[in-house]
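Could you slot chain P onto chain Y? The hints should help.
Chains as they are written, first to last, in our numbering: chain Y, 457 to 946; chain P, 457 to 946.
Hint data in this document are derived by calculation from the structure and do not stem from the laboratory.
Every residue, glycine too, gets a C-beta built ideally from N, C-alpha and C.
Be a bit skeptical, because a hint or two may be false.
[Stated by the list, open to error] If you want the footprint, here are the derived chain Y segments under chain P, 3+ residues with CB under 8 Å: (1) 542-556; (2) 889-896; (3) 928-942.
There are 2 protein chains.
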Amino acid sequence: MSSLAIKIDEVMNLASLAFTEYRKLSGAIKAKFIKQITDEIEQIGDELIHTVMEETALPEARVRGERGRTVNQLLQFAEMIEEGSWVNAIIEEGNPDREPLPKPDLRRMLIPMGPVVVFGAGNFPLAFSVAGGDTASALAGGNPVVVKGHPAHPKTGKLVADAIHRAVEKCNLPQGTFSYIEDSSYDAGQLLVKHSQTKAVAFTGSEKGGRALFDIANQRKEPIPVFAEMGSINPVVVLPKAQEKKYKEISKNLVASVNMGAGQFCTNPGLIITQKEGTLDLFLQALGEEVMAASPTTMYSEGILKNYQTGLSSLLAQDGIATLNLEKVDISGEKAVPVLGTVEARHFISNPEMHKEIFGPFSLVVVCDSADQMEEIAKVLKGQLTCTVHALEEEMEDFKVVIDELMMRCGRILFNGVPTGVEVCAAMQHGGPYPASTDVRFTSVGTEAIKRFVRPVSFQDWPDSLLPLELQRENMLGIWRKVNGRLTKD
Amino acid sequence: MSSLAIKIDEVMNLASLAFTEYRKLSGAIKAKFIKQITDEIEQIGDELIHTVMEETALPEARVRGERGRTVNQLLQFAEMIEEGSWVNAIIEEGNPDREPLPKPDLRRMLIPMGPVVVFGAGNFPLAFSVAGGDTASALAGGNPVVVKGHPAHPKTGKLVADAIHRAVEKCNLPQGTFSYIEDSSYDAGQLLVKHSQTKAVAFTGSEKGGRALFDIANQRKEPIPVFAEMGSINPVVVLPKAQEKKYKEISKNLVASVNMGAGQFCTNPGLIITQKEGTLDLFLQALGEEVMAASPTTMYSEGILKNYQTGLSSLLAQDGIATLNLEKVDISGEKAVPVLGTVEARHFISNPEMHKEIFGPFSLVVVCDSADQMEEIAKVLKGQLTCTVHALEEEMEDFKVVIDELMMRCGRILFNGVPTGVEVCAAMQHGGPYPASTDVRFTSVGTEAIKRFVRPVSFQDWPDSLLPLELQRENMLGIWRKVNGRLTKD
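Okay, chain Y solo, but in the shape it has when bound (with noise of 0.2 Å):
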């Protein structure tokens, strides 16, 4: 063995042993420790700040919302497994009497699955990173995490990987609770998906980063869960009356939309899809004169700008192609320029090198000649995280199979807004159909995140004092319960 190797072997059984102590422990108990968390990261105070803005190049207020907003997800799930009802109890209570057989006691719930590996995101130094959304609901779910760090924030990641470290010390939990690993390499990441204690993979980036995970994890002798989410061009489809009637108000929110942060969000407002009407040649002029207002920004790495100039300039040679940029755009200096491309639907129909995600401020508009070919192209699309309809009311009738045809490609869609902005929630589904996301049955932002890295297990004919407590007769916890088919808390 390698010494990364045996490192990564270390890692994971001190995982593993941590395991069979932190998945024992009441909610109170780990929502304690995930409330620790949150104090720790707090408590590195602007050293956090300023350390994210010299290794990502994000504007300050954006740094300290992201802290906020990482900070707020902790809480969610720790207010989550404190109140306990997340477990999903389902009790049937035995009958010895039934004919012909007896019906036996059955009482199921979620479970933790083992140690879960983690592969932060780049493009979210904290809210998808160390202490993000993925760690947050694997720990909330009795799992521990193995982090292995990004390479675009190695600094960031050992303080706030530090802050965990203390939240474990300080909560006397099992050292191998959560483990960071250093080591940004590929074989770095490969041991630890295809090492035996590895339970569950999390993953937000890249299509062929995820991908290649995914291939590992299902190779495996015994396969595990692997939920990469692996962003999605977002089509925004803007209907004829809307675009009439509001087309300035589209074109503003919509390109601050793309160039937000540099374009580097996963729900990035990648196509914008439109018909030739009346108002086609306005609405095209304001997206350019809004885009040609914008100004460039510096990307979070240098890998990131290459990826994006390059990927820029492979797709404005396509044929068909133009840019609403009024100017010659030139996009090879040191900040992201943000670009609107646009093309007709038959290009874009025929050629997919044009439905492959740009990671950038970049987005292409494709116009249609009517609703039928605004359907073909619905139905070209791959599996996408957001579809979104700017739209009046009253012509959403009339383009019924495009918005189905929609829905049935996204895992979230919107209605007269924007893609990016994901709010953290219970009702929020961040995953689509391959290849937004590996698994479209799970989401990774919101509480529901959690159910990516639990299991059910049924209890038959257990004996009540040996049960947990979310399962025994008396609902010490007050959870809700479904009883005998009856949702309560009784």
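Chain P in isolation, oriented as in the chain Y frame:
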């Protein structure tokens, strides 16, 4: 394309077409359809019973019982979707005045995934075949179903498929809502799983078969979930005091469970783990007497019998194995002879051949020297559908670690019972860590099985009148919903 490929392409395209309509039906209409299926099945009458008996050699009482179970299972799903709360509606109302950003209105519910391909089981020609639990849960979830026929019961399969076709017709549903592929070749299975319109797969059968489908599905350009329930050896641990006090009763129940239905259950107790204690000899003697008294039974196909005999011969040839059948066993006849093997723990621990499932009326009694050795065994076990503990309550504490290890390795844990007899209800978990099933997060028996074939979608700021009824402001369906964090029917 081969004629088979053309046929399957047609069937899957029909299913996909049906999906656009079927998925939009209300719970009430889908429930009516499912109830119609039960009517049609019941109306086949004794012809169905006799056909199953002829094709599978199962006794009449069992076949009648299984028909009842199949109908009851369908009705449970119908009842659940008629009531409607299963969609897990979560509503977070918006707040335009929130600072620094307005809070969007988010509404989340479960929606169907698309055409599901079902591979029925040979051992349950009704309850886990054409109109079995997989078909019932997929249809209930709003997905068209394509069933690949099982070679062991082609006539039964056709009878039931025709019943479903009649229900489709009587309910005026699109033709592709249900299809039945009579071709039971491996090629047909592979083509079905590879087809781009297939969105999920359910399978019940061998580890080899399930893994093959799982691999094909994961190697697709767009991977799809495969829920394969592949069986297990279902360890039964008999603790010392229970052994001493109840060896007679335990022996009787265990052997009955092992030999029931010729042992053709995925929950057959294939492993009995106990300790060397004062009463071990009596326990083994009682087990021996019971197994000698048990009658050989016809299995459902010659291939299955042959597999049983070959697997058993190979196991009995392993180092350290003896049988508890006191006379020399001739297992080569036309019926499956019930057999109990016995082996010392050290042999079992070091020989993975002994950890394999032998499908049929066989169980291996493993004798441990100590509680520590029992722990060691628990730790080398693979994933299981069930684990069972026979104990007096007072001795449970002393074997805490053993019990804990068992629980980590199974989907259902039983106290003083037998694992055969899988109750169909909401509290059932039928599925376990790999290789018991390919996705431990789901069950294939009981109403929760619907969750395998649905996915969440969130509507953001969507016009109320265009939302699905489940998510509209006024709760017209009267279902349970989580509104702003509170479970309510308001």
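Structure-based check of all given hints:
1. 542-556: Since three or more residues must qualify, the claim that chain P covers the segment 542-556 of chain Y holds, with 4 doing so at under 8 Å.
2. 889-896: n = 6 at 8 Å, threshold three: holds.
3. 928-942: It holds: at least three residues are needed, and the segment 928-942 of chain Y offers 3 whose Cβ sits within less than 8 Å of chain P.
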